[in-house]
Structure formats: structure tokens, C-alpha cells
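Engineer: Residue numbers (my numbering), protein chains in the order written: chain U, 14 to 340; chain F, 465 to 774; chain W, 5 to 304.
Don't take every hint at face value.
[As the list claims (entries may be wrong)] Taking lysine-lysine and the DSS-like style, the derived pairs with C-alpha atoms no more than 27 Å apart in a straight line are:
#1 F/LYS655 with F/LYS603
#2 F/LYS631 with U/LYS253
#3 F/LYS577 with F/LYS655
#4 F/LYS577 with F/LYS603
#5 F/LYS603 with F/LYS588
#6 F/LYS577 with U/LYS249
#7 F/LYS588 with F/LYS631
#8 F/LYS603 with U/LYS249
#9 F/LYS655 with F/LYS631
#10 U/LYS253 with F/LYS588
#11 F/LYS631 with F/LYS577
#12 F/LYS588 with U/LYS249
#13 U/LYS253 with F/LYS655
#14 F/LYS577 with F/LYS588
#15 F/LYS757 with F/LYS655
[What the hints assert, rightly or not] These stretches of chain F come out as covered by chain U in the derived footprint (C-beta under 8 Å, 3 or more residues):
#16 559-567
#17 748-758
Calculated directly from the structure, the hints in this document are not laboratory data.
For glycine and all other residues, C-beta sits at the position ideal for the given N, C-alpha and C.
Residues per chain are reported as follows:
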Amino acid sequence: MIYTLFQRVIQACFVLLLVALVAFSMFRFVGDPVQGMLGQEATSADREALRERLGLTDPIVLQYARFVLNAVQGEFGVSYRTGESVADMISQRLPATLELALISGTFALLLGIGLGVFTAIRREGFVAQSIMATSLVGVSLPTFLIGVLLIWVFAVELSWLPSFGRSGVVDLGGWSTSLLTVDGWRSLILPAITLGLYQMTLIMRLVRAEMLEVLRQDYIKFARARGISTRRIHFKHALKNTLIPVITVAGLQIGSIIAFSIITETVFQWPGVGLMFINAVYFVDIPVMSAYLLLVGVVFVSINLAVDLLYLVIDPRLKANASEGHS
Amino acid sequence: MSLLSVQGLRVEFPTRRGVLTALDGVSFDLDRGEILGLVGESGAGKSMTGAAIMGLIEPPGHMAGGQITLEGQRIDQHPERYRGSHIGMVFQDPLTSLNPLQRIGDQLMETLKIHHGLDDATAKRRAMQALDEVGIEGKRRDHYPHEFSGGMRQRVVIALALASDPKVLVADEPTTALDVSIQAQILALLKQLCRDRGTGIVLITHDMGVIAQTTDRVAVMYLGRLVELGATDQVIHQATHPYTQGLMASTPTLAGSVDQDLFQIPGAMPRLDAVPAGCAFHPRCDRAMPQCKTHAPEFDGRRACFWSES
Amino acid sequence: MSRWDSDFVYAFKRSPVACVSAGVVCLLVLAAVFAPWIAPLNPFDMAALNLMNGFTPPLAPNAFTGETFLLGTDDQGRDLFSAILYGLRVSLFVGFAAVALAMFLGVFLGLLAGYRGGWVDTLIMRMADVQVTFPSILIAMLIYGVAQGLIAPDNRGDLAIGILILSIGLSEWVQFARTVRGTTLVEKEKEYVQAARLMGLNPLAVMVRHILPNVTTPVLVIATITLALAIIAEATLSFLGVGAPPTEPSLGTLIRIGQDFLFSGEWWILLFPALTLLLLALSVNLLGDWLRDTLNPRLK
Chain U
14 MIYTLFQRVI
24 QACFVLLLVA
34 LVAFSMFRFV
44 GDPVQGMLGQ
54 EATSADREAL
64 RERLGLTDPI
74 VLQYARFVLN
84 AVQGEFGVSY
94 RTGESVADMI
104 SQRLPATLEL
114 ALISGTFALL
124 LGIGLGVFTA
134 IRREGFVAQS
144 IMATSLVGVS
154 LPTFLIGVLL
164 IWVFAVELSW
174 LPSFGRSGVV
184 DLGGWSTSLL
194 TVDGWRSLIL
204 PAITLGLYQM
214 TLIMRLVRAE
224 MLEVLRQDYI
234 KFARARGIST
244 RRIHFKHALK
254 NTLIPVITVA
264 GLQIGSIIAF
274 SIITETVFQW
284 PGVGLMFINA
294 VYFVDIPVMS
304 AYLLLVGVVF
314 VSINLAVDLL
324 YLVIDPRLKA
334 NASEGHS
Chain F
465 MSLLSVQGLR
475 VEFPTRRGVL
485 TALDGVSFDL
495 DRGEILGLVG
505 ESGAGKSMTG
515 AAIMGLIEPP
525 GHMAGGQITL
535 EGQRIDQHPE
545 RYRGSHIGMV
555 FQDPLTSLNP
565 LQRIGDQLME
575 TLKIHHGLDD
585 ATAKRRAMQA
595 LDEVGIEGKR
605 RDHYPHEFSG
615 GMRQRVVIAL
625 ALASDPKVLV
635 ADEPTTALDV
645 SIQAQILALL
655 KQLCRDRGTG
665 IVLITHDMGV
675 IAQTTDRVAV
685 MYLGRLVELG
695 ATDQVIHQAT
705 HPYTQGLMAS
715 TPTLAGSVDQ
725 DLFQIPGAMP
735 RLDAVPAGCA
745 FHPRCDRAMP
755 QCKTHAPEFD
765 GRRACFWSES
Chain W
5 MSRWDSDFVY
15 AFKRSPVACV
25 SAGVVCLLVL
35 AAVFAPWIAP
45 LNPFDMAALN
55 LMNGFTPPLA
65 PNAFTGETFL
75 LGTDDQGRDL
85 FSAILYGLRV
95 SLFVGFAAVA
105 LAMFLGVFLG
115 LLAGYRGGWV
125 DTLIMRMADV
135 QVTFPSILIA
145 MLIYGVAQGL
155 IAPDNRGDLA
165 IGILILSIGL
175 SEWVQFARTV
185 RGTTLVEKEK
195 EYVQAARLMG
205 LNPLAVMVRH
215 ILPNVTTPVL
225 VIATITLALA
235 IIAEATLSFL
245 GVGAPPTEPS
255 LGTLIRIGQD
265 FLFSGEWWIL
275 LFPALTLLLL
285 ALSVNLLGDW
295 LRDTLNPRLK
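Just chain U, same shape as in the assembly (with noise of 0.2 Å):
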């Protein structure tokens, strides 16, 4: 268990490294840094002097080290574009993308399942065969489709919903947090079916067929015989088993919603990292790209972490194989 765990941080630091390599190049190589911190009225003796104040000049090796150390130190240089340092910027942002993910992931994962299930247990019957066409068109529209469409409808027609922004924030001392005003929660509701709509429907249509799968399985055709009701037998020993792939998927999925909610915060304009990545992608502000790239990186690791940790936790099987030294 605790080789496993060893072993695991150990392959999510390399990953790590490679993708802080991929960020170091990107600042180092793409565009001329010094440039992009001082312009173009600088004279050539102000640009050396910041070249050698920055360490330009180093040996490129002991430059990532140097940089790698920054970044770990949440240092991450400063905006081409705006001038501000990037480290701000980002703990300024963070809170609303991570709210945004949060409620849209909890969003999909709970409709997710529940209409999984739904679909596997009422296999035949007319709602669940109208669910499940309707999941094939929700695969194939583009998030920032659905996104248009939801505003379209709930915005302009409708007038239910606030089209763009993030209101109602409250400041929690460095947090700002819209989900302690109504008008925060109304402003994040098309926000976050935008983000979550793609990822409950692959949720649903994985838990469907993992749901079917294990219901043809002997254990449950031996939990019937031993006169467990049907509901229980649904929802308390197929369900468990069910979610093991599950969770793999819906794991990377989290991931995922960080990656996307690029794409809904520009369509609703919410204020977080992801509209200010878009934002220096159009202004070619590398020192932001490279930040970003680092942040997801960093989730993105921990996220997958996170799930090999809760599948030992889950499947006794696994565990069992970690015990023994190999898995």
C-alpha cells in the first residue's frame, strides 16, 4: 500500500516536471521575454541589464531549476500584457473557476448517475429510450453551443437568467464566493449546465452500460435467489460495483471541466483563470499561458492521484494486490 503510494507521487512528479519543462520553454523561448517586460522603447544597455538581473544569461539547465523553484513558491513572473504579477492574477480568478467546476461537477455527477441508473433499470421503457437519444445529440453539440442556446432561451426569451457575469459576489477575507447571494447562484446556474451538460451525459451513458453489465453478473442473479429485493439489489450491490469504472472516468472528467471551462467563461464572460487564459492566448502573454499550463497541470495530477488512491480505498481486490508489494 504504502510502495503504491510511493510509487504514484513519484510517477505524478515526473509528469509534473514534464509539463513545467514544456511551460519553461514556452516562457523562455516563445517571444522574447525581455521584450515583452519592457517594450519596445528600451534601449539595448536596459535590456541587457534586465537579461542579466533575470538570469537569461544562466546556463538554461540551472534557468528551469530556477524556474521550477518559482513556480513551486507560487511565482510565476509578471503579465506581459497587464503588467501585474501572474500569481495574483490567478488567486484573484481561481475562486470563481473553482465554484464554476464545483457546482457544474456535482451537477453531472449526480444527474449523472441517477439517470444512469434510470436508463439501466427501465431499459426498455419509453423515457429512458428518449433520454438516451437525447444524450446523442447532447455528445455532438459543442459546449459553447449549448452555452449560446442556454442563453438564447433562458436569457433573452425567457428572461429567467442573467446572460453574462458573475454577481453577487461576497468577499470571504481572499475568497470571493457567489454562493452565499441569490443573485450569485442565479448568475451561476447557466454557467455551470453548460460546463456539467457534456460530462453528465458521458457519466450517464457510462453507468448505464457498466450498470447493465453488472446486473447480468452471477452475484447479482444470486443476491436475487437469496430473496434481496430488486431495490436493494439496484442500488446497494450493483450500484457499488458500477462505480468503480465510474469513478476512473468521472475522475478525469473533473479534470476535464477545469480544461472547459475555458470555453464557458468566455461565453458567459465569468470572471476566472480560464477567460484570462483565452484572454493572453489572443495577446500571445506568454508568462500567463505558462502559469496556466503549470496550474492544470498540477490538478490535473492530483486529480488522477487522487483517483488511484480512492480505487484502493474502494476495491478490496486492489488492495489486497497493493499489500502484497505489486500492483
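Chain U is fixed; fit chains F and W onto it per the hints.
Structural biologist: Using the frame of chain U, we list chains F and W on its own:
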């Protein structure tokens, strides 16, 4: 009054090409503490009979005729009231019969609580007792199924099936997936537990050795129909139906000579959508008579055949 | 081979979903290819545009000029039907080109990894592992951003379509590589490859000749599924403003433009490009699903 009585059981499967009759006119009785063997080739309807008793026929299949009674009461109309409590079942593969994510003690307690409404402490005590009866140490109740060997898992399965003190146990190929050396242990365990409690067993198997070793009476099935029924000794040594005779002659015995060629029944059992008219066995029967091709013989309580020795 | 063909054709004819979606895809591809001949107007010809025609609703005569347009016009007086045909052209071109790039790259790297083994294999497959951890749309955006940074600002407009193809193509190669590598590992051990080596033939050439036919089916399936992904990725990037340049609007760009007019009531500027994109993505998706289920049920 017998413990379990199956009368004229008929099971049908509607398909796109018409209705298939999987079981037709299957009738037998089972007494307390008795072990009745159900034997036949794959697809003969043995497992289907077991599923019908449990009320576990997979839709769209359904019981289309006959009745099943337990101590004189009909159970086929509301099988869920009797399933698991009055009738237990053991499946073929112990490796897949247990929920891999639940400790075996919890699976036992779940069953006990559902059928006897016990509180946690009592259920726990009874679960340990049940494990003890099948020869598993009570302290292993916290283990998961994968931590047991195949034979031990089948013991767990038996403990689970018997946990609610059922009056009848349907055992569907309970030893087929096990090593030969373990088979005898499991059969002995089943036999002893049922004798002690007076539980009747319907033992489904294709293995004549298991039949000879374990059962009191045996019912031979062919293509969803009963062809012969009688005391095990009698059926094995003085079979009266040509199919049973063929079945016996094709079973290797340790006593038999090594060079002796085993008998083979010619042909193969037809599929359910191509059941021959008359006696279903007649195309493979070496004693078929003209009437066998046109009329199906009635089952007279002993066998279903027109041919007679005399 | 002929048996496979006839089975395939039989299965195709039996499936209404496959027939309809293949028909729709063909129709859209033809419309895109022949856009210059089908479109009533060239939407890029500034001289043909009449600002007076702006915001004409579908099938209604314009209040000033009296001209009627099938799907209406946008703010510039551009005929929407023509703009969609030309947008479809850009979207499909980028989609096909990106898939071709991803396929070429993936098949090559997969072959190389499987054949050479050792550290080459480790390096390529590790790269693949790390890359699939991240959603491909994010990778595409990063590549797009980096490419923008490497190109002088003056050339960005001209190279935009190329960059778009590059970023989507580079973000989708992994599936191809994994599949080809798997087959290569199996084939490598077979006797004909060993024999070729003994005879002094170039085993790599032999492998290419024998392995590529083996992977045609799965590669075709992956390519179809990837095409749907590429079309959606292109539309997304263009919608976000980091894709097709304003001079060559794709479907995504048209939707981006249409979104601005939702509040003022000109719904058709958004609706028709959106419907076209949905139709395209849905039918390619359905076709890909069907191909996967029919040709290669084991492929995930």
C-alpha cells in the same frame, strides 16, 4: 403431502420466429430431506426447471402452464414471497456468485436481517454460526470473497443459501466449477446439512458420478421434457428409457475396462426451434417405432416411452 | 476481402442511422466543395455587399432594397446561406486536414514506437500518456498560442488556418499511435518479418507493407471519430476568437458573430450556422459510432 410438488410445468419464450417451448409437462415431487437429481445434456432444461422453481426465469420467458406448490401452497404466482426464505439456491460458479465488494459476513447478515428481521448483534452471531456450520472459521467473516479459494467460496455460498433455513434448496451444478477433490467435500457437506435440517434438495447436474454419489432419486430430462424418473439405483442400473440407457452407457466408470469403447448416442440434441414431432428423442433412438414419429408418449410417473422390454 | 466488403455493405444498408448520417455528411461535403458554384453570392467579395441589405430576415424582402434571401443576411448585408456554405468549406477543410495530420503523425510514431521498442518506444508512449491526461482542446489552444508567439504579428492572419490545422492535428495523434503500436508489436514477432531480416531486406519496409493494411480498419474508425472531434474543436477555437481569421469565417466564427445579435432579435444570424454545425457534428459522430460498432467492437 410432499414438500415440493411441480405439476405439468411449461415454460415458453416468445421470439420473433414464434414461441419456443423450453419446458413441457415437467412433473415431480420432492420430500423432506430428500435429494432429487435433475440430469440431462446441456440445454435439456435442467437449469430452466431450477429457475422456474425460484421464479427467476429471465424475461421474456415465462411460466405458461402447470403449478408449483410448497407444502400444498402455490408459490409460482408470487415467487418473491418464497424466494430466498423458503427456497434457497446455489449456483455453479462460486467465483462469481459473491458480491466482490462486500465482506462475506455482511452478505450473510444482510440475508439474515431480511428474512428474520434480526438486530445487528443477533445477525452477527447467527452469521458466525452459519459459517461455522460450513466449516469456515467465524473470524473470517470480515474477509472479502477474493480472499477465499473456490471450494471455500462455495461453502460461503452454501452458508448464504441456507442462512434463512429454507425448506428446499435448488443446487444448480454446485460442484462443476470445482476441483474433483473438492467436489466430494462440498457434496458431503450439502448432504449432511440437508439431512440434519430436513431440507429437500433439487440437485441439477450433468455429471452421473455426482448423481450416483449423492441423490436418492433422479429425474432424466431431454429437450425440456421428463423422460425417466426413479430411485437413483434403479435408474442407473435398470434404466427403462432408451435415452437414459444411452446416457448410462456413455458414462465412463473406473471399474470399466480401459480399452472398452464408450457408447455414443448418435446425433445431437436438436435446438428448441426444431423440436421433432412425436417423441422428441425419436430421431436419435435406435428403437424408434412408427408411432414414435407421430405421437408423443405420456409420462406415466416412471418414464415417457412407447417401447417396452418385453 | 470481398466477404468483408459484402458484409459491410449489408450491415450498412440495414442501418437507417448509418445511411442517413452518411447521406448528410456527403451532402454537406459536396455543398462545401461546390460552394463557389452553389452560393448565390460570394460573401468575401466586398463589392457585392450592400450594407442596405443588413439584417434582412429569412425569406422576407428587405425593407430598403426589396431583395429576398433564403436564410436572411447578417449586419453587413452578407447572404447567410452563402456565408454558411463558405464557412462549411473552411470548417471541413480544417477538419479533414487536421485529421490527416494527426493520422500521419500517429501512424508514423506508432509504427516507430512498436518497431524500435526500447527507449524510443518509452519516450513516445510516455509523451502520449502525458498528453492524453489533458483534454485535446486545451492542447490545441496552447499550441495555437505558442505558434502565434513564434510568428511575427503581420503574418498571423495569413497563417491562421495553417496554425489551426497544426494545433488540432497535433492534439489528436495519440489514439492513432496507440492502435498502430499495438498491431506493430504483434506483427513484429511474426515469421515474415524475421525472414525479411534474414534475407537482408529492410524489415521496416516489409513492416510498412504488411502492417498498414492490417490497421486500415481501426485507423479508419479512429479517423472518423477524430473528424467529429476536430470539427468541434475548430468551431470552438474559432468561436473563442483564436481560430479561423475574420477574413475566412468558419461555422464557429459565424456563430460568434451571431451571438452578438441575439439580444437585438436577429436570431437567424445565430440559428442557421449553429444548426449546420450541429447537423455536421451529429452525423459524423453517428457515422463514427456506427463504424466502430460494426467494424471493430473492441475499439474503445
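Engineer: A separate judgement is required for each hint: does it hold in the structure or not?
Structural biologist: Results for each hint:
{"no.": "1", "hint": "F/LYS655 with F/LYS603", "verdict": "25 Å, holds"}
{"no.": "2", "hint": "F/LYS631 with U/LYS253", "verdict": "32 Å, violated"}
{"no.": "3", "hint": "F/LYS577 with F/LYS655", "verdict": "26 Å, holds"}
{"no.": "4", "hint": "F/LYS577 with F/LYS603", "verdict": "20 Å, holds"}
{"no.": "5", "hint": "F/LYS603 with F/LYS588", "verdict": "11 Å, holds"}
{"no.": "6", "hint": "F/LYS577 with U/LYS249", "verdict": "15 Å, holds"}
{"no.": "7", "hint": "F/LYS588 with F/LYS631", "verdict": "22 Å, holds"}
{"no.": "8", "hint": "F/LYS603 with U/LYS249", "verdict": "24 Å, holds"}
{"no.": "9", "hint": "F/LYS655 with F/LYS631", "verdict": "14 Å, holds"}
{"no.": "10", "hint": "U/LYS253 with F/LYS588", "verdict": "23 Å, holds"}
{"no.": "11", "hint": "F/LYS631 with F/LYS577", "verdict": "18 Å, holds"}
{"no.": "12", "hint": "F/LYS588 with U/LYS249", "verdict": "19 Å, holds"}
{"no.": "13", "hint": "U/LYS253 with F/LYS655", "verdict": "35 Å, violated"}
{"no.": "14", "hint": "F/LYS577 with F/LYS588", "verdict": "10 Å, holds"}
{"no.": "15", "hint": "F/LYS757 with F/LYS655", "verdict": "41 Å, violated"}
{"no.": "16", "hint": "559-567", "verdict": "holds (count 7)"}
{"no.": "17", "hint": "748-758", "verdict": "violated (count 0)"}
Hints 2, 13, 15 and 17 from the list above are not met by this structure, while the remaining hints are.
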